[in-house]
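Student: Spelled out from the first residue to the last, the chains are:
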Amino acid sequence: MKAAAVLALVVLIGASVFAQVPYRRIASADTDPSSWLTYSGNYQAHRYSALTQIDRQNVTQLKPAWVYQMRNSGIVEATPIVADGVMYITEPPSTVTALDVRTGRPLWTYTPNIPPDVIIIGSPPVNRGVAVLDDLVYLATVHTHLIALDRRSGAVRWDTVVEDNKQGYYMTLAPMAIDGKIIIGISGAETGIRGFIDAYDAKTGKRAWRTYTVPGAGEPGSETWGGDSWKNGGGSTWVPGAFDPALNLIYWGTGNPGPDWNGDVRPGDNLYTCSLLALDANTGKIKWHFQFTPHDVHDWDATEIPVLFDATINGRARKLVAMANRNAFYYVLDRENGQFISATPYVKQTWADGMDEKGRPKVRPGTEPSFEGTLVFPDITGGANWYSPSYSPKTKLFYHTAREVGTTYYKGEADYKPGTAFTAGGGRRMDGDVAFASVKAWEATTGKMAWDFKLLTPPMAGLLSTAGNLVFGGTEEGNFFALDAENGKPLWDFQLGAALRANPMSFALDGKQYVAIAAGSALFVFGL
Amino acid sequence: MFVSILAIGLTLAQNPADIQQGKPLFEGLCADCHGFEGTGGRGPNLNRPLTRAQDDDALRAIISDGLPDRGMPRVRRTTPNELRQLVAYVRSLGRAASSVRGGDAQKGSAVYQRSGCASCHVVQGLGGTTGPELTSIGSQRGPDYLRQALIDPGAVLPHGTLAVPARNLDEFLPVRVVTRDGREVRGARINEDTFTIQLRDSNGQLHSFRKADLGQIEKEFGKSLMPSFKDRLSASEVDDLTAWLSSLGGAK
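Sequences listed follow chains X and H, in order. Residues 1 to 528 in this note's numbering are what the first sequence spells out, letter by letter. Residues 1 to 252 in this note's numbering are what the second sequence spells out, letter by letter.
Hints were generated in silico from the structure; no laboratory data involved. This structure is a prediction, so every number in the text was calculated from the model and none was measured. Nothing false has been slipped in among the hints.
In silico DSS-like links for lysine-lysine, alpha-carbon gap of 27 Å or less:
no., chain 1, residue 1, chain 2, residue 2
1, H, Lys211, X, Lys348
2, X, Lys231, X, Lys166
3, X, Lys231, X, Lys285
4, X, Lys417, H, Lys23
5, X, Lys489, X, Lys454
6, X, Lys512, X, Lys394
7, H, Lys223, X, Lys454
8, H, Lys230, H, Lys219
9, H, Lys211, X, Lys454
10, X, Lys489, H, Lys219
11, X, Lys231, X, Lys206
12, X, Lys63, H, Lys211
13, X, Lys454, X, Lys394
14, X, Lys358, X, Lys348
15, H, Lys219, X, Lys454
16, H, Lys219, X, Lys348
17, X, Lys489, H, Lys211
Let the hints inform the model, and build the full structure from the sequences given.
Tutor: Written out as structure tokens, the structure reads:
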């Protein structure tokens, strides 16, 4: 009787609450694995599915359920959001399309008016997906608008200009929706912007707070910038972060200082570029920061996904945040205070002789870019990049597509003109048969290697781990594949016909599990 | 009309300081493929009329954006100042001594015919397809590279010249595989991904494998299916053949 009443209550709550996506539903995403409610699957950014239907035995039977061909050409980096029978995807550069999860048929699509002279310097014109909260779908555009759409029709509820695209500001990331607020970051460090992280009122689009990633004159950290160099200091925030509801802290990575490859014009550590920031979700105030690469001159943005998990270290329960950083080291920090715990190289690197006790790299002399070129590992796109790693609470392993590449780095002339490239150099990446990658699995707490699976060339594709003990990933040559999460053994692969430059995700419909990923200009959904 | 006169005017009026500053930029960014002083190598010899860059705007565009479908990357972004210096330096080339060491192209053509080259290479529609087409090889490669390709072909396997395989993988890479049931195949790699590989053997036969079905995959880096002509040709024949290959500029 009592059990029946509880069940009835659950069904009732389900019926009323599941008609929309309230904050508390996203916060408890782990209990609702049929949906995929936020970019990384949960606020802890695990990119892990608790669904078990597809497993090591039956994964060989995976087949396409449906394919959606994008309206626009261009690289598709989006992670779909799935809620209540609808999938929300973005198409390049800034189109949102809602699809019927059952059939793949479009329900509505929305494309903002992007001016033909939009400035996009530093990346292709991509988008990584939407956020959902209550009845709205949130889009961050390349012309620097944050737009809220009605989830039923795609009608615009509000449209807020975040910054001036003419100065080189643009957006490619999926926003992050938390309680009543939409959090976004910005791209544009290659044009010498001053980076920031913003929060907007989810209902009205009014800005709640802005936290610059480069301190202004006189502010703490401004002493790490010579002269006026902070004004074009970069520090983009172009990949979504993570959120700890209990600590009420947002974790967000920051990108390279400007200009990228000639540090002479910006002497100092250049805070808070190439850092992880922990921000108070109510105020945006920086609670702590940790800088991975002080005075970066290799374009090693720290805009990788920060992954939150708890573990016991030396007999003490710790709340941790981990990042497989673009600079080739895997970092574990205390997420309450930013204290450095460990850094472990996960790919070949030639720039640092380890870390001091506070996690500051001991930089090898002669590794900075030069006019004639300096070969350094990792490469200009790093051992990691924007694509996502995965953390399995089941295996306690951290999974990552680790890029094994070097670059000959060039220093160039620093010449700032608003809205134009402010990069001062660049690099020639190793490629061909000497450049490769491996899907690697290591103990999340210690960084100790568990296994690796070699890929022919280094892709820009993320990973999904599942409770079915699988890791899904993709290759530049079009392979969508599944590995055994415990030992890396390849179990299944399927040729999608174009490069996978996206992250996989999983959801369920009518009791059936699916996995989805984009390749080329199409989205593929697979099921048993 | 006015525009083209202006372009010619700009081409002729190079500033000596720009040329001087463009030289180290060129040596850092371009010489790896085009050779020091632009005498060519893996990339074309620049000491000749540049048919793809007849005016400076075209040359600027090539340096800024690369020619990705021709295997030329954009090495890095350049400022307008750096670009002007690079253009000035490239336009100043043309005086460097050619590295074609006195070979006779006409004799080289005969060497090509009698040495069996055409059994594996196409020139102007004629020949075999085991190796790369050579119809316009003289506009793609410098003479030093071509000479080395005759003497030690495995050292200079092409990459980035074909759309397949992509990602600048070595083209015509010899690969030897042994299937789990003991069958051995050797051929040039046509394509590959993490899970499969496609080879073409010397009879032109295509072989496609899933790697999981293979007991052994040996990629023979540094080798070529083409024999070395070091001991088959005299030094002067190599010079003549190099001169002839260098003269192949494709359909006019």
